[in-house]
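Chemist: Be aware that the sequence shown starts at 1, since it is given in full-length UniProt numbering, and climbs by one per residue.
These are calculated hints, taken from the structure and not from any lab test. The structure displayed is predicted, hence computed values, not measured ones. Take these hints with a grain of salt, some might be off.
[As the list claims (entries may be wrong)] Label-pair restraints from in silico Cβ distances: (1) Q60 / S104: 33 to 41 angstroms; (2) S96 / N177: 52 to 60 angstroms; (3) T128 / Y55: 45 to 53 angstroms; (4) D116 / K81: 21 to 29 angstroms; (5) K155 / N189: 42 to 50 angstroms.
The beta-carbon is built from N, C-alpha and C at its ideal position, and this holds for glycine as well.
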Amino acid sequence: MDLLAEARHISLPRTECTQQMIKEISKRFDSTESYISMALGLAVVLVIGVLVFNYFSGRQQGQSAQTESQKSQEQKEAETKLPTTHTVTIGETLWSISEKYYKSGYNWQDIQKANDLTDGDVIEAGQTLTIPSVPVIVPEGQITSGVTSEAAKPKEESYTVVHGDNLWNIAVAQYANGYRWVDIAKANNLTNPGLIHAGNILTLPE
């Protein structure tokens, strides 16, 4: 009886120690499980974020590509629809309108002729203009074939602009070729050939 009591007395501390170890291990497992759950949660959030970003990024790129395609198609249609008409808005000039339809401001004289405008500098908002189908005029240096003719020399070395003049009429009078107005514009460094004023002295190149 004494031996049995002693054995029970000795085993009790071991049982308590074992229980404490089990509790400690359980706590550690619970803590580890918590960290794993947190890590998995963060991973899921990151994956979802990447998927959402890729979705909207791809959608935006698709929309941009579609917009560029539409613009390109509209430009092609605009180029193939000449002749057409254009309604003047505030601030527009024949030069800017020519740039819009021909990608070259140098065709403004063709618009002036097609609409029988005596003064190419005077157009009003709301006015309807015919935009003719004509060859595109490009500045000298970009000309690849006979847009202008340099065979004829001007009658004078310089010319003083009078009211109602425009470069086309001056070129016709001086060179017998209206398309030489391009050379006049370049020789005089005219940024807007549609704007010349009475009293201006223009150099007439050969």
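Chemist: Take the hints in turn and mark each one as holding or not.
Modeler: Taking the hints in turn, this is what the structure says about them:
1. Q60 / S104: 33 to 41 angstroms: 34 angstroms, holds
2. S96 / N177: 52 to 60 angstroms: Violated - the Cβ-Cβ distance for S96 and N177, about 25 angstroms, lies outside 52 to 60 angstroms.
3. T128 / Y55: 45 to 53 angstroms: Given about 47 angstroms between the Cβ atoms, the range holds.
4. D116 / K81: 21 to 29 angstroms: 22 angstroms, holds
5. K155 / N189: 42 to 50 angstroms: 22 angstroms, violated
In this structure, the hints that do not hold are numbers 2 and 5, in rising order.
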